[in-house]
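A.B. asks: Read off the chains here:
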Amino acid sequence: MTPVVRRVRGAVGLAVAAACALVAGCVTVDPAQSVRQLDQKVPAFGTESLQFLREVQKPEERREAVKAVLAKPLGQTEAVRVAMLNSAAMQVLVAQNVAEATAAAQSGRIGNPWFNYERMRSEDHLEISRMLSFGVLELLTLPQRQRLAAESRRAAEWQLAAAVVDEVTQIRQAWVNAVASAQSAAYAERILQSAQASAELARRMEAAGNFNRIARARQQAYEAEAVTSHALARQAASVAREQLIRKLGLDATQADTLQLPQRLPDLPAAPLEAAKVGAVASDARLDVQLAEAQLRAALRAEGLNGWTSRTDIELGLRREADGGARGFEVDLRLPVFDWGGLQRQGARARSLAAAQQLEATLRAAGSQTRESYVRYLTAYELARHHREELLPLRTVISEETLLRYNGMFIGVFELLADARDQIDTVRAVISAEQQFWLAEAALQSTIVGRPAAGAAESIMRAPAAADAAAH
Amino acid sequence: MKSRRQFFSMAGMVGGAAVAGSVSRVAMAALPEPVIEQGAQTRPPLQPSSGRPYRPVTTLNGWTLPFRMRDGVKEFHLVAEPVVREFAPGFKANLWGYNGQSPGPTIEVVEGDKLRIFVTNRLPEATTIHWHGQRLPNGMDGVTGLTQPSIPPGKTFVYEFVARRPGTFMYHPHTDEMVQMAMGMMGFWVTHPRGPNPLIDEADRDFCFLLNAFDIDPGSATPRIMTMLDFNIWSWNSRVFPGIDPLVVRLGDRVRLRVGNLTMTNHPIHLHGHEFQVTGTDGGPTPRSTRRYEVTEDVAVGQMKQLDFIADEEGDWAVHCHKSHHTMNAMGHDVPTMIGVEQADLARKISDLVPGYMEMGSHGMDEMSTMRMPLPANTLPMMMGEGPFGALGMGGMFSVVKVRRNQKRGDYTDPGWFKHPPGTVAYEYQGETPPPVRGGTR
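Residue numbers (the working numbering), protein chains in the order written: chain V, 324 to 794; chain P, 871 to 1312.
Incorrect hints may have been included.
[As the list claims (entries may be wrong)] Chain V side only, calculated, beta carbon under 10 Å to chain P, not exhaustive:
1. Gly532
2. Gly734
3. Val735
4. Leu738
[To be verified] Where chain P lies over chain V, by a calculated footprint (3+ residues, C-beta under 8 Å):
5. 506-517
6. 722-728
Hint data in this document are derived by calculation from the structure and do not stem from the laboratory. Predicted, not measured: the structure shown is a model, and the values here were computed from it. All C-beta atoms in this analysis are idealised placements derived from N, C-alpha and C, irrespective of residue type, glycine included.
Work out the full structure, taking the sequences as your base and the hints as a guide.
C.D. replies: Here's what the structure looks like:
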């Protein structure tokens, strides 16, 4: 029997060594590694900004870097950079990913062997027995479990990439909203000034006997309205700024130093071409990759489940102290009551679900891109229309209004009312451009496979902008 | 009808206003060549070269239509057509008129003249001409649908009648007249007495002009034809001050002003420095017993008035509609009064919002007469005119009767500003001005 035992022991030792080697080689988790994958996973999406995630820096260094960026008005790219360096939420994403990856890696490791020591005394007899036991099935399925672990980790990486893309999109949109609403609030202030001038003149008119109460009250009503909309505009600007501050993860000191650009960037000379947008192959999309990884993991799990659902085998090597009796024990779980059919059925269902999920993702991918592109293109055209048609028209109206005032065809109140209308148009232009940049961020996200919210908002807000222009 | 047919048979044409001659060469051969005038200056009186003699009138910023005598009939040719009329330098309007101008040329005839007036329609729509105030056969009265079919575009109609009574008349369309008169279609008509008339004195200078009004949005050029009352261009012969020529006379001249009103409101015409008598109205010369001296005479809508005076005071005498808003050019009738409202401290705030803004009206509007600010294209300042003592701040229905001792007879050239004899111009008091004593409260 000895040679058999030896052989077994030898095999076990080898397997353990091999397993250890495997475990050491493949299934460790390096946080930096996870982040590094991101750039390759999302080549079309802000590679420049994502790299900051992987820079493992000391907190003080990060603070300094953030401080340097915040010293100047914060651009959109810089906003993403600050968030990468500074945002605790972003670090949460990375840490969660590490946790998931380690959990996955854990499942690819071999369970530790059990050492059993028995000491029994009866009367004058002392029995000592020792046993080393381990799961044979666990060992035999180790390669499968390692492949499953690897797939799970890949899925987790895609998940992280997706979460980062979502976060970046939200940061970009938060930045757009903060800049646009601050810009809009500044113009609301000018409307208020105009209304205040009208109201003050009207009060003087009434005092001089040139206006009656109703005429004065009408002018004052404009002022009252302007106060309201100015307060709302200021609130909107503050809210958007605070949302950005949270997205950037700024503390109170950093938030104080945050400056935003005076205005949104100029519109691109031409919109992204449909061909370029469509050119991103669907298998390069994050959602497709994630679904594929999840499907592969599910299939691996199903395969493994084919074994583990039926039985479990444990082998123990035993040695008695007195008499030196040696031997082994085999524990075999007998599939008498449960043949594991339900487990296998469940695993199959999970594989099927993952396969269908992939299919659904593939099918939706093109449509989502097209929808997002239409929203983007419409927003672009509306923004251009606002800037190149509405605004010049409004400028002509204002120029002619001033000429009409010069000729005493209209009075100063009409002149001021026109100034308010013109500023309203400017605010509509800002709003249209805001919608464009929101749609642009959503499209960038959609192209890489994260159909982003915010695009829907642009459609809802467009009539408001049109109303403002018509007002 | 028979007599009329006989009367007109010598013209070799079918009688009646309903004759629609197409403008073919054959028909044109029978037509007097239409005379088309450009430019808005006052032409010298047109001395008649044939027919019965008369002393011609001067049409302010206008002209008299030449005629031809043909077999004892005085023939005129009016062409109704779109025109461009300069109201004053810097402002031209797209109007409809006759023979190149709005108003159309003055027609001068003599009591008893047999007349044939060809009317060619070059407008995009039908028209007719109504001979306002004339005694004539009913079928010559020019009322579309009522007394004749309208003249379609491109067609020429013939009006034939005898100038039965002397006086001051007008002509204007009676087809779509709301539009066509709003577009400036009208003209003056003078029938001179056949010989000496006990009620009609011989005038040395006989000026005629039509009162007309337009609503032309500043910056545009075509009248808003739907406007009923709120006009912004108040004109004489489609001219506004300072585009209206002065009425130049010689000291001692008997001067006649013939004024016809084709606006939508009355105009009290006021003459400075003289008294005039209303020597004629719509119905002809007034009986001498009704004449009294006036300085203002109201000319009601659709009326003609003939005002005679002796120009016996030298100087530059204003003559104008006494509705002071009618002596303004285009202005906003809804502009609020700013008098007494200090704006200076708000001006900076406002001009921050409206670059180029200037405060106006806090101390009245006189500053408008000297302020020269950019205006909408093709638009005159509300208050204009430069005189020897500065800005006049006038517009619209305003002109000057220039009475000069040395003006030659028949010479209408502008003699320039009056040279006042020393000590006859208002001057500033140089002494102390004690505060006025106000009564009442004590």
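A.B. asks: Run every hint past the structure and note whether it holds.
C.D. replies: These are the hints, each one checked on the structure:
no. : hint    : verdict
1   : Gly532  : 8 Å, holds
2   : Gly734  : 4 Å, holds
3   : Val735  : 7 Å, holds
4   : Leu738  : 6 Å, holds
5   : 506-517 : holds (count 3)
6   : 722-728 : holds (count 5)
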